[in-house]
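In case it helps, my numbering puts the sequence shown at residues 1 to 663.
These are computed hints drawn from the structure, not numbers from a lab. On a predicted model such as this, the values are computed, not experimentally measured, just so you know. Positions of the beta carbon are idealized from the N, C-alpha and C atoms, including for glycine. Among these hints, one or two may not hold up.
Have a look at the derived ranges for each label pair, beta carbon to beta carbon [unchecked claim]:
#, residue 1, residue 2, range
1, Glu196, Gly271, 24 to 30 Å
2, Glu449, Glu565, 21 to 27 Å
3, Ser242, Ala75, 32 to 38 Å
4, Gly271, Gln96, 43 to 49 Å
5, Ala448, Ala547, 36 to 42 Å
6, Thr450, Glu196, 30 to 36 Å
7, Glu449, Gly531, 49 to 55 Å
8, Glu63, Gly531, 23 to 29 Å
Here are the simulated lysine-lysine pairs, DSBU-like style, with alpha carbons at most 35 Å apart [to be verified]:
#, residue 1, residue 2
9, Lys163, Lys123
10, Lys333, Lys123
11, Lys566, Lys327
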Amino acid sequence: MTYRMAASAFALAFVSMSSFAHTEGSNVDVPAPPPAGEASEATAAANRAIAERLPLENQGDFEDASRGFLAAIDADAILDEDGNTVWSIPQFDFLQGDAPATVNPSLWRQSALAARHGLFEVKEGIWQVRGYDLSVMTVIRGETGWIIVDPLTVRETAAAALKLVNDTLGERPVTGVLYTHAHADHFGGARGVISEEEIEARGVPVLAPIGFTESAVAENLIAGNLMQRRAVLMFGNTIPRSPQAVVGTGLGPGLPQGKTGLVLPTEEIEGWGTVREIDGVTFEFMDAGGTEAPAEFMFYLPQFDALCTAEVATGTFHNVLTSRGAKVRDALKWSRVIDRALADYGDRSDVVFASHHWPSWGQENVETFLRNQRDTYRYVHDQTLRRANAGATMTEAAETIPEPVFSQEDFSTRGYYGTLNHNSKAVYQYYYGWWSGVPANYHALPDAETAPRYVEAMGGLEAVLARGADAHEKGDYRWAAELFNKAVFADPDSQPAKDWLAATYEQMGFQAESGSWRSYFLTAASELRNGVPESGAPNLGNADFLAAVPTLDLFDALASRYNPEKLSREPFAVVFAFSDTGENIRVEVGRDVIVPRNVTETGDAAATLNMTRADFNRLILREANVLQLAGSGALSIEGEGAAAAAFLGALDQPEFWFPVVTP
1 MTYRMAASAF ALAFVSMSSF AHTEGSNVDV PAPPPAGEAS EATAAANRAI AERLPLENQG
61 DFEDASRGFL AAIDADAILD EDGNTVWSIP QFDFLQGDAP ATVNPSLWRQ SALAARHGLF
121 EVKEGIWQVR GYDLSVMTVI RGETGWIIVD PLTVRETAAA ALKLVNDTLG ERPVTGVLYT
181 HAHADHFGGA RGVISEEEIE ARGVPVLAPI GFTESAVAEN LIAGNLMQRR AVLMFGNTIP
241 RSPQAVVGTG LGPGLPQGKT GLVLPTEEIE GWGTVREIDG VTFEFMDAGG TEAPAEFMFY
301 LPQFDALCTA EVATGTFHNV LTSRGAKVRD ALKWSRVIDR ALADYGDRSD VVFASHHWPS
361 WGQENVETFL RNQRDTYRYV HDQTLRRANA GATMTEAAET IPEPVFSQED FSTRGYYGTL
421 NHNSKAVYQY YYGWWSGVPA NYHALPDAET APRYVEAMGG LEAVLARGAD AHEKGDYRWA
481 AELFNKAVFA DPDSQPAKDW LAATYEQMGF QAESGSWRSY FLTAASELRN GVPESGAPNL
541 GNADFLAAVP TLDLFDALAS RYNPEKLSRE PFAVVFAFSD TGENIRVEVG RDVIVPRNVT
601 ETGDAAATLN MTRADFNRLI LREANVLQLA GSGALSIEGE GAAAAAFLGA LDQPEFWFPV
661 VTP
């Protein structure tokens with residue numbers, strides 16, 4: 001029997017067992033959804049089964065997560081300069097004892113471990129600050145100062161972490177900064193530990209992997225608006241920290257509020273085994289680009305017999321494709337890179353530490369950790385391809401891959417962030433694209449158009465709600481979610497439909513072992529019940545970030561906001577002449593696209609805008625407008641002012657708080 005036949009047989013069997021009593025549309029009695037915040041018996045049973053199946057009592061991780069503790073921040077919160085809370089320190093104090101029925105007990109265990117906060121000694125000369133951000137900041141003692149690895153997400157948490165280090169170990173200057181990869185939680189707090197002026201004055205090296213700048217801009221600016229909006233759901237920024245809501249992300253406690261910036265590297269490192277010496281410490285870098293991030297490196301410290309695996313190998317099965325959105329990752333390359341690190345450095349390492357979670361000590365444990373991490377990505381890759389090559393669709397492949405044996409014993413390979421199911425789909429997408437191969441799916445209608453037709457075919461809205469309620473009562477939440485989602489997309493104003501979908505998402509979140517799945521489901525439930533919020537987003541759209549973005553990359557990001565329908569004149573060119581950087585950006589404004597180019601000769605342009613790049617950043621951030629800049633003398637326009645206005649007026653200003661879980 002093929003995979004597709006097996007799936008069809010299962011579907012037919014389910015149909016034959018289902019009740020079709022509710023078929024009369026408006027005469028159907030639709031029950032009220034259950035109270036919010038309570039685990040159903042089906043959810044409680046599913047979570048009890050997890051607790052019975054896994055060795056949750058194993059204390060090895062708890063010993064490692066506490067090992068080397070020196071000090072913690074003695075405050076209730078990390079604050080910004082205006083006194084606003086950036087990170088509440090006791091927010092996860094409820095993670096004590098056994099998991100309640102509303103939380104997957106495996107995720108509860110992982111979250112309790114990740115929430116342990118403070119300064120920890122990894123090895124003499126290496127420390128980590130953990131538990132005050134999504135990521136971990138590593139500090140290495142050089143001959144004269146501190147070498148900082150991954151300065152967290154925002155300047156406030158990074159500054160607080162460095163203060164904890166200086167207060168505990170003695171104050172030293174920062175003599176080196178490393179970004180292991182181009183995700184914001186690993187570079188965004190750089191200005192909290194060092195300034196560009198210090199970097200230039202003291203010649204401080206800031207090292208990053210090859211392709212870092214391009215990758216950071218592409219992910220956080222060009223695709224940033226939708227990615228950040230979905231990150232709100234993925235990290236649960238807008239809902240409480242509690243046993244009924246966010247308990248952690250699986251990768252770390254959570255994202256802080258605050259200001260994310262970008263300090264550009266002084267050198268981008270490539271190659272395997274590339275050696276650099278920073279303040280008397282030797283680093284052997286390993287290019288891991290194309291694994292967890294498009295630009296990433298790991299490194300080995302021969303003076304310490306210590307291996308840093310960045311975010312390539314951490315205390316969880318990671319995302320091959322993250323729910324916030326990113327470029328799909330190469331699971332096979334991911335596995336190969338870990339295997340090469342194991343072969344080259346496994347028997348030379350007494351400790352392995354990463355940019356999330358806690359270290360592992362002892363050569364045998366290091367090798368076991370690397371081996372199982374390697375096998376996790378190899379397993380999902382090979383088993384997806386085996387099924388796909390036998391005719392399975394994306395969903396069919398993901399549904400039939402069993403949990404590997406090693407993940408039932410090694411918690412670091414469990415799906416606390418990524419999951420076996422959605423990572424299998426990501427592997428399929430990497431090779432075959434976004435569609436299943438079934439022709440009807442290749443040019444499918446939008447959900448908002450098909451949903452009303454499905455609802456009509458099933459007997460009307462009330463009939464669909466009754467069927468969904470029946471599925472919910474039976475604990476068949478995935479099917480209930482599909483039914484209720486059709487109802488919501490068919491009638492977005494139906495609060496009963498939204499309340500039932502919210503109740504279903506809530507139970508799916510309560511059962512999720514993945515912290516990001518849990519947060520996504522529970523934030524979606526909150527938005528269905530309460531509407532789209534208006535605060536709680538990550539703050540990447542700020543002057544600190546834009547200041548470091550290369551000018552041509554910034555114009556490429558603006559090009560992705562160009563709306564040709566807003567242009568009411570024939571094509572033309574406009575030039576931006578930036579006096580502080582000496583750059584001239586010529587923008588060809590066409591009927592369908594705009595094309596920016598860095599030029600020395602401006603050529604024949606309809607208008608030339610003379611200003612500083614810093615003022616242009618203010619213009620883009622809407623901190624100033626053209627009239628204000630012109631009135632103050634910060635902007636002068638040669639040629640047609642109307643042409644400049646036409647270009648700027650054709651750029652969309654996307655809203656952030658748009659609906660995601662409703663049409």
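Now the hints, each set against the structure:
no.: 1; hint: Glu196 to Gly271: 24 to 30 Å; verdict: holds, 27 Å
no.: 2; hint: Glu449 to Glu565: 21 to 27 Å; verdict: holds, 22 Å
no.: 3; hint: Ser242 to Ala75: 32 to 38 Å; verdict: violated, 22 Å
no.: 4; hint: Gly271 to Gln96: 43 to 49 Å; verdict: holds, 47 Å
no.: 5; hint: Ala448 to Ala547: 36 to 42 Å; verdict: holds, 40 Å
no.: 6; hint: Thr450 to Glu196: 30 to 36 Å; verdict: violated, 52 Å
no.: 7; hint: Glu449 to Gly531: 49 to 55 Å; verdict: violated, 24 Å
no.: 8; hint: Glu63 to Gly531: 23 to 29 Å; verdict: violated, 45 Å
no.: 9; hint: Lys163 to Lys123; verdict: holds, 20 Å
no.: 10; hint: Lys333 to Lys123; verdict: holds, 30 Å
no.: 11; hint: Lys566 to Lys327; verdict: holds, 30 Å
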